[in-house]
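Enquirer: Please build the complete structure, drawing on both the sequences and the hints.
Chain order of the listed sequences is A and B. Start counting the first sequence at 1; every next residue gets the next number (our numbering). Start counting the second sequence at 1; every next residue gets the next number (our numbering).
Source of the hints: derived by calculation from the structure; they are not laboratory data. Quantities reported herein were computed from a predicted structural model and do not represent experimental measurements. Just so you know, not all the hints are guaranteed correct.
Derived pair list, reagent style DSBU-like, types lysine-lysine, alpha-carbon separation capped at 30 Å [said to hold, decoys possible]:
1. A/215 - A/113
2. A/12 - B/89
3. A/15 - B/89
4. A/197 - A/215
5. A/153 - A/15
6. A/87 - A/15
7. A/153 - A/197
8. B/89 - A/197
9. A/153 - B/89
10. A/197 - A/87
11. A/215 - A/87
12. A/113 - A/87
Just so you have them, the derived chain A footprint on chain B, three or more residues with Cβ under 8 Å [stated by the list, open to error]:
13. 56–63
14. 80–90
15. 135–147
Far from chain A, some chain B residues (derived; all Cβ distances over 10 Å) [unchecked claim]:
16. 99
17. 107
18. 119
19. 155
Note that beta-carbon positions come from the ideal geometry of N, C-alpha and C, so glycine has one too.
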Amino acid sequence: MSDPRIVEVRRKVLKENDLNARRLRERLQRAGVQVIGLVSSPGSGKTALLERLLTDLGRDNRVAALVGDLATENDAARLARSGVPVKQITTGTICHLDATMVERALEGWNVAKLDFLFVENVGNLVCPSSFDLGEDLRMVLVSTTEGEDKPLKYPTIFNSSDVAIVTKVDLSDAVGCDLDRLIQNIRSVRPEIPVFKISTRTGNGIEELERFLLKRFALKTVQAGYMIAD
Amino acid sequence: MDSAKCRLAERGETNVEDRYVDEVGQYRSADLFAVLFPWGPSTLRQDEENVSREMHELSIALSIVDGVLEELRTRGVNRASVVHLRVGKLSGVDTNALQFSYGLACQQAVLAESRLAIEDVDVTVFCEACGLERPVRTFPILSCAECGASSQRVARGQELEITGMEIVA
Chain A
1 MSDPRIVEVR RKVLKENDLN ARRLRERLQR AGVQVIGLVS SPGSGKTALL ERLLTDLGRD
61 NRVAALVGDL ATENDAARLA RSGVPVKQIT TGTICHLDAT MVERALEGWN VAKLDFLFVE
121 NVGNLVCPSS FDLGEDLRMV LVSTTEGEDK PLKYPTIFNS SDVAIVTKVD LSDAVGCDLD
181 RLIQNIRSVR PEIPVFKIST RTGNGIEELE RFLLKRFALK TVQAGYMIAD
Chain B
1 MDSAKCRLAE RGETNVEDRY VDEVGQYRSA DLFAVLFPWG PSTLRQDEEN VSREMHELSI
61 ALSIVDGVLE ELRTRGVNRA SVVHLRVGKL SGVDTNALQF SYGLACQQAV LAESRLAIED
121 VDVTVFCEAC GLERPVRTFP ILSCAECGAS SQRVARGQEL EITGMEIVA
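Expert: Next comes the structure, spelled out in structure tokens:
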């Protein structure tokens with residue numbers, strides 16, 4: 001047997017997902033849909049925030065959500081109360097969403113009738129960071145109960161996000177969270193990232209975040225009461 | 001973790017547990033789960049963070065195997081003995097978990113005898129103040145090792161790419 005020969009390759013490992021994500025992003029952009037991803041560890045408050053965003057933004061905009069979990073349809077059931085279309089993606093044993101899962105979940109929906117699509121990832125600060133879902137904006141959430149050094153421990157997810165949201169600020173005193181230090185840590189791994197401090201319990205900071213999202217995407221106000229199922 | 005199931009997930013199959021039955025046609029998914037994890041899902045959950053982490057690298061390992069097989073096909077080659085990989089420190093991939101997962105991922109493929117040679121890539125940023133690409137002072141804090149200015153322009157450290165293969169003719 002001859003000696004091994006080395007051949008040079010230049011290939012991104014997640015090439016297929018990147019291509020799928022790009023195709024999805026282009027398709028949704030053509031349809032005029034803004035896609036916003038939410039990532040965080042389990043229990044940081046992604047679903048609680050989404051409940052608010054879907055209800056509030058859904059008044060004047062056509063909004064829908066996909067929500068990923070390993071198991072159960074609980075979150076979809078919770079979010080469906082906001083009255084907007086919601087679909088659960090149960091990943092079985094997989095710890096993150098990928099672009100194909102999002103694409104499949106959109107089957108049967110006429111995305112052209114949407115302005116905003118929220119995609120709530122599986123609660124996990126590690127795995128989702130590598131997988132582009134075709135989002136236009138990725139928001140990472142971190143709650144005051146998690147400790148100020150979360151961004152330093154999981155830098156990749158913070159670095160790959162466009163907006164950071166500190167949740168449960170109403171609890172910061174009770175749990176002894178130094179908010180300034182937490183924000184400083186977020187910005188040390190992702191300099192200049194916009195940071196919002198919110199509490200879904202008290203409603204603090206939610207309006208500011210919504211104004212930011214609306215301004216960022218300059219959404220047209222449209223008639224409420226629509227159907228997106230084909 | 002068996003790779004048939006991972007493949008399904010890799011293809012974006014949701015509800016993998018259910019679909020696994022059709023693909024394999026031998027077990028009901030619940031039975032299979034019970035065989036694989038006799039102590040039940042509740043024990044798994046206690047170790048969720050570790051399990052998740054490993055599964056993430058498993059997904060990536062499966063993508064490596066697919067990528068290498070495609071590269072081999074286009075070159076008309078049957079087998080690779082070593083796969084060279086570049087992994088940035090900011091890629092979110094744990095190289096130990098990836099090595100372990102690669103062993104599982106390539107079991108049935110023609111890559112069964114192959115190994116991964118991983119080159120770690122440290123993080124560098126483009127420092128506006130220095131006007132140069134610089135290493136960072138303390139990972140993962142993105143500030144220039146020379147002048148200390150923070151920078152949001154990551155130059156290196158996000159790589160996750162196949163850079164070469166050692167092939168046996």
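Enquirer: If a hint holds in the structure, say so; if it doesn't, say that too.
Expert: Status of each hint after checking the structure:
no. : hint          : in the structure
1   : A/215 - A/113 : holds, 20 Å
2   : A/12 - B/89   : holds, 15 Å
3   : A/15 - B/89   : holds, 19 Å
4   : A/197 - A/215 : holds, 18 Å
5   : A/153 - A/15  : holds, 27 Å
6   : A/87 - A/15   : holds, 27 Å
7   : A/153 - A/197 : holds, 20 Å
8   : B/89 - A/197  : holds, 29 Å
9   : A/153 - B/89  : holds, 12 Å
10  : A/197 - A/87  : holds, 28 Å
11  : A/215 - A/87  : holds, 26 Å
12  : A/113 - A/87  : holds, 16 Å
13  : 56–63         : holds (count 4)
14  : 80–90         : holds (count 5)
15  : 135–147       : holds (count 5)
16  : 99            : holds, 14 Å
17  : 107           : holds, 18 Å
18  : 119           : holds, 13 Å
19  : 155           : holds, 13 Å
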